[in-house]
Each structure stands twice: as C-alpha cells, then as structure tokens.
Amino acid sequence: MSDEQVRVLSRRAFLSGAGAGFGSMIIAVRAAAQQQPNPRARMTHDSSIVRDTTNLFAMDQGAARPVRLPPKPNAVKQLTNVQRDALEHQLHCQCGCTLDVFTCRTTDFTCQVSPAMHRDVMALVEGGYSAQEIIDAFVSTYGDRVLMAPPRSGFNMLAWVSPGIAVLAAAAFILAFLRRSQSPRTAPLGPAAKGVDATDDELARIEAAVRRDDE
Amino acid sequence: MILIGELSLWVALLMAAWSATVSFAGGATRRTDLADSGIRGLYATFAMIVLASLGLWTALLTKDFSLEYVAGHISSTMPSVYIFTAFWSGQAGSLLFWALILSMYGSIAIATSRRGNEELIPWATGTISAVLVFFIATTCFKANPFTRLDFIPLDGRGMNPQLQNPGMALHPPNLYLGYVATAIPFAFAIAALFSRRLDAQWLGIVRRWTLLSWFFLTIGIVLGMWWAYVELGWGGYWAWDPVENSSFLPWLTNTAFLHSIMIQEKRGMLRKWNVVLVVMSFLLSIFGTFLTRSGVIESVHSFAQSPVGPWFSTFFFLATGITIYLVATRLRDLEAKAELESMVSREAAFLYNNLLLVGIAFAVFWGTVFPVLSEWVTQNKITVGAPFFNAVNIPLGLLLLALTGIGPLIAWRRASLSNLKRQFATPTATGIITGALLFALGMRAPYVLVAYALCGFVMGTIVQEFYKGMRARQTIHGESVVMAFRHLVARNRRRYGGYIVHAGIVMLFAAFAGMAFKLDNDVTLKTGEAFETTDPYGHKWRFVSQGVSTSEPRDRQVIGVGLDAYRDGKRVGIIRSEKRAYHDAQGNPLFQPITEVGIRTTPGLDTYVVLAGVRNSDTAELRITFNPLVVWVWAGGFVMMIGGLIVMWPQAERRRAQAGYVAVMRPATVGSDPVGA
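Just so you know, the protein sequences line up as chains A and B, in that order.
Numbering-wise, the first sequence is residues 1 to 215 according to my numbering.
Numbering-wise, the second sequence is residues 1001 to 1677 according to my numbering.
Since the hints were derived computationally from the structure, they do not count as laboratory data.
Covered stretches of chain B (chain A as the covering partner; in silico rule of three or more C-beta atoms under 8 Å from a C-beta of chain A):
no.	segment
1	1232-1240
2	1353-1361
3	1386-1392
4	1586-1597
Chain A is faced by these chain B residues, among others (derived, beta-carbon under 8 Å):
no.	residue
5	Val1377
6	Thr1378
7	Asn1380
Each residue gets a CB set at the ideal place from its N, CA and C atoms; glycine is no exception.
So that you can see chain A by itself, here it is in the shape it has in the complex (with noise of 0.2 Å):
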C-alpha cells in the first residue's frame, strides 16, 4: 500500500468517525432541545474527594453510651492528667469522625460524644481504675471499633503481622535473588560473557571512567 493510499484510508477512517460524532451530536441537540428537566434530580451535596476529608467532623450525636462502673474501695486515682490524655489518644470518639477522644474535644465545640466519653474517662479515672481497666471497659461497651488500633488478638492480629511478614518475606527473596546472581553458574565478566565488542583494556578503561563518574 502506498503512502498516498494509507493517508486516503486514514482520511475516510477519520471522516467517518467525525460524521458519526457530529451526526450523533446533531440528534443529541434537538433531544435536548426537547428536554424537561430531570425530575428525578434531587437538590444534594455529593460527596466528593474534599468532602471525604472533612469527614474528620462528620457526626452522629447520639452515638455516645454510658461507660460506668462503681468505683473501687477506697479509690484512688492511678492516672495523673497527662496519662489521662494519652489514654484519650488511644480511644476512638464515636460521632463518626475519624479523631480521638483527645483531640475530637479539644477541637470541636459541636461535638456531643467526645466530652461524654472523656466524663466517661474523668469518672473512671476517679474510680480508681488503670489504663487498661479503663480501656477494656470502653472496648466491652463499644466493642473494638473503639480503639484507634486493632486488638492484637485473634483475626485481627493478621492486621499487625502481615506488613513485617510480607517484608521479610521480599527480603527472603531478594536475598535469594542477590545468592543466585552471585553463585558459580554465573560467567565471570569478560569481553566475551559482556558481548561487547571491546578490548580488554578498552573495557578496563570503560570500567574506570564509568567508576569515576559515579564516585
């Protein structure tokens, strides 16, 4: 096919798409033209890539349940404010966002959950119960969710392991792979393993001057 012959195809191939496309946009006009508004159309926020990230502050107010127990014989506090905070950090605020306790209160006067849990902690706290105790009575409440990491327990401690595994796992192979490229099978380099065209010296002062650069 001469090239004359090939730009004539092409040309037809590419007039034919475009009638298409503008026959197509042609009826496209006058059904608009025709068009009522959609009446399935509702007036809504869509959620969008933006949106998903202020879903830090999406809310549901009434999620919030009461975590109490009675408080020891002769209580007394285990946990200064500081331990108190950190604790906080560890426990997810239930109003939907995606935030501690700590910083859900610390950071939105809206909220209605995070201020209940943190009464929740003061109270506990008062009563005389550890970090742990605390937390396992959020967890026997809220169950899991409530914590801002998965349990190291169970099907969830696939959660935990499987990073370090997959990464010892590629390190076995690269290993392998580095072992392998190393053994004795491999021909040693030289102008006839390299399949380059060159002298000895020449390579050598190829060798040389690609060392230097890089060095």
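Please build the complex by placing chain B on the supplied structure of chain A, with the hints as guidance.
For chain B alone, kept in the frame of chain A given last:
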C-alpha cells in the same frame, strides 16, 4: 455553551471509543491508517472534553442553578476564584476533570513520542483511550455534572467554608495531575507488553511521565498537609486518613520506580519489576479513587449503594487481570540482561530501597483496607488509626532514611573496601556526632535519636557528594565555587537534583521526629485569666485571655478569643482563634461550624491555639499546642519540589551522555539490546 458542553461530553465518549477500537485494531494488524485514525480520535476526544469543561465552567461562572452540580457546590456570594475551583470540588466535576487531564496528557504524550516508537504508539493510544472511555462513561451515566434539577433554586448551597482556602484550591488539581500522569507510563507499559518491545525504548517516556506524576503528587500531598494543619484544627498535618493514604500509595511506588529504573538503564536489570511498579502506580491511583468514591471504607455495606463504586471496582479488576495476563505471557521477554555482582553495590542498595518503599506501601494499603476485610470476616467494625500506621511505618521509614544516605556512597556493580571506607567516613562521623550531641543535650527517645542521627548521616552524604563534585570541577576547570556548583548541577541534573530531593526528605524526617515532642494543653480561661506552661525547648510561656468576642458578618456568626502571649516574660503578640458558623440568607445553618486556628510560627516551634468551645459567654475552652519544627515540613516539601524540577528539566542528549546516563554499548551480536536509554 452549557448545552454544547453537555453534548460534547457524549461526543467525547464516542470519540474515545472509536480511538480505542481502531488503535488496538491498528496495533494488532499493523495498519498505520487505523493507528493514525486512533491518534486523531484521541485529539478529538481532548477537544470535546475541553468543550465539555468550558461548558461546566460557564455554568458555574454564570451561576446557572438549574444544574444540580452548580446548585450543590456554589452560591451567589462565593468569591469567583472558588466558583472556578468548584469545577473539581464534587464527584461529577472531578471525574470530568480527570478526563480533561488524561485526554490532555494522552495527546501530549502521543504527539511527542511518535517518532521512533511506531510499534508502541497504537497500543499506547488504545490504552489511554480505553481508560478515557471508562472515565467519560462513568461521568455520562453515573455522575453527570450537567444533570438538571426539576426546579431552579434562588441560590446554591455553596462550598464548605473549610474548602475555601488557597491550599484546598490547589491541592486537588495537583493530586489529579499526579494521579492521572500514572496512566501514561501504564499505557506505554501495556503497549510494550502487547507489542513485545520490552527493550529500553519505552523507558525514557515512562521515566519522564513518572517523574511528572511524582512531582505533582508531592506538591498535592504537601498542600493537603498544609491545608489540614491550618484549617481543620486538630493539631497535626497527617492523620493516616484513607484519602491521605490513597494519595501516598502511588507516590511510594513512583518513588520506587524512579530508583529502580536507574538499574535498568545502567545494567538492563529489574525489567519485570519495573513493569510491575509502573502498573502498580496506576492501579493504586485507580484504587485510591475507588476507595474514596465507593464509600467502602465507611462500611463494606455502603459499597453497593455508591453510584460509581461497582464501576470503579470492575475497571480496577479488569485492568489488573489484563496486566497480569500480559506480564505472565511475556516473562521470557522480560529476562534481565545482566546479573548483580555484589550485595554491596548501588544496584543492591536500590533493591533494598525498593523493598522498603513497597513494604511501606503495602503496610499503608493493608492498614487502609483492613477495616473492610475485618468487617467482612468478623462482622465487627474496627478502627485502624494513627497508632497502627506509626508503629508499622516508623521502623521502615528509618531504614529507608538510612538507605537514602547509603545508596549514593556505594559504587555501581561492586564496592571495594577502600571505596566504602573513603566514602562512609565523613557521613558516618556526622551522624554519630549529631546523635551524641542530642544525647548530651538530654534527648533520650530512641526512635527520635536514631532519626536525627540518620538525618545527620544523610546530610553528610549529600554535602560530601556536592563537595567532591565541586572540588573536581574547581581543580579541572578552575571554576569559582558558585560556577562549579552551577555547572555541577546543570550538567548532571538527575544526580544532583536527586540529592536536593534527598535534602528535602531529610528536612521532612527532622520535622516528623520533632512532633515526638509535641505538647498539648487543655485549658479553660476566663477573661483576664492567665495560663502558664513550658514549651518543649524549656521556655516559659504565659497566655492571658483577652476575652471572648462575638460578631455577625453577613453570612456567618463568629465567636473568637485572643490570647496575649509572652515567652520568657517577653510579649510575642496576640494569637487569636475563632469558631465560625455559616448560614444562608434565611439564617438556616450551612455546614458544620468551622475552626480558624491561631498559629504563631517560628523556625523551631509553632504555637497552635484552637478555640474548642465557650461557656457562660466569657469562659473559653482552648487547646494550646506546641508543635516543634512544623515549618520544616513545608520547607522540605518546597526543597523536594525544586529538586524535582531540576531533575525534570530537559537536558540535551549530548549532556546526558557526558553525565553517564546514556551508557550505550555497541552490541557485538545482532539482537542484543543496548543497555541504557
């Protein structure tokens, strides 16, 4: 114009479908007429998408509230700049924006790569057009920005005020520019696999576009961090939110590829792995969009309710399946042309670097999807938040930082003991001295000490590399320090631009480590009351409440508090934080109330004040946080951007050859491909 835009969208769908069909047919039958028609179809798709975009912009700027998208995202009182950026603030608009960028990138990539790539071009055009078909079809059928309302509201809902921020105006387009750029390397990888032209030919194109993707993702991620820090008010810049994670994943695989590609260029190795990385970056971009669009993260059950979720998952699995098939059937074509000679070589260091980058990517991916998996298996919801990501990623991140310093010090192929001694002495000493100095000053946290010692080590490496290069130029060419620096960078942009990126990474790590010393204070202050505390450096601070004030501008209620701040007894100024509740013309509340954070920034410390609430009209509940070294996050991001620009800057072939990146060896036998690009 709006009607033309609406119709152009449908024509674009036809054009893209045409282009995909004839391009693949042209590739399979080797008919250049079909291939050329496919290319013209791609250009026509771009033109139609431009018209569609102009239609939507016209609708926004003329405030045509009969369109659901316009009424849902802007209001008549919004500043024009945010009306313009509302184009990508919703799902339908962002899908159209994605198609606009992809058709533009695709047209540029094909137009600039045609010469010498005749076998690849039809397949690449077909792949780009097929991806376009998916995005345009999703826009047309599932999220059409031209959908009309059955009534015309007097005013629109407007944009969330938190999004009316310069950072948020620029963050999404940069992320999109980064995400979409991964489609071009993917298209050329698929083209190389289809056509079995898996030599070094496609690498140059793929590297350039991956670099572009990396560059825009870097800017987008840093802008997103800045926006979160100054606008959301929770006191940090990175929350390991699924949306953040989904932008980080392709950045990690892009970074891995930009390192491993050097091994393929220099030694003809890692060919399979590089194809996998290119494909992975694209699929992770699609996956990230799927993740944030489908609602699957909120609950595994909301997936089916999402209009675009099933479409994205189908496309994702289809693209994955096709790629796996292509790689599996072309394994022999992807055999390495050389083998590693030593475990202590730069090639090996790049391999370890890839292991860590992909390891971190896996950990982030795993943590992001695990709640879905756990809910599916155990029927119980769990949270995977910052404690998990920090615990898993900090050790891997520190190892990666160490490799950032080690890699440039080791010679290619095989490092000798004398080479190692000579190269490592100064950087290692710098690292040890940094760590020892900080220990002597009282720093005890092990991870933080290690992080700063490694920062010292890597900076030692970078300075040494520049010093040696400049000294060599001064000796050989007799240049001044400034000219030696200029010529060194200009003549070897990839190498020294890369070191500048590494310097930015060091700044970021130093800033991240600084956050270990973050101090939060939960404070309640009446008017005139003072709060005294000590910052992480040991300086005494005193904050005096200036009282709660309220005001009511046209569209919002504002409640604020000013704190008169003193550091070591010296007044530093007033730091003011506000809560703003926006309402419409009838006084109905719009959106959640938002926080205006008060921030005082110095190189060493940010003083970050958030008004959390007000009691009894004169008592402010505040969080006063000391965030050390935050400004170095933005500075590090800026330095990385500069380094990226230097690396991307076009360099003449002759100079690249001089720099050692075009190491083309003349093959002794016919059929053996040259090494290099």
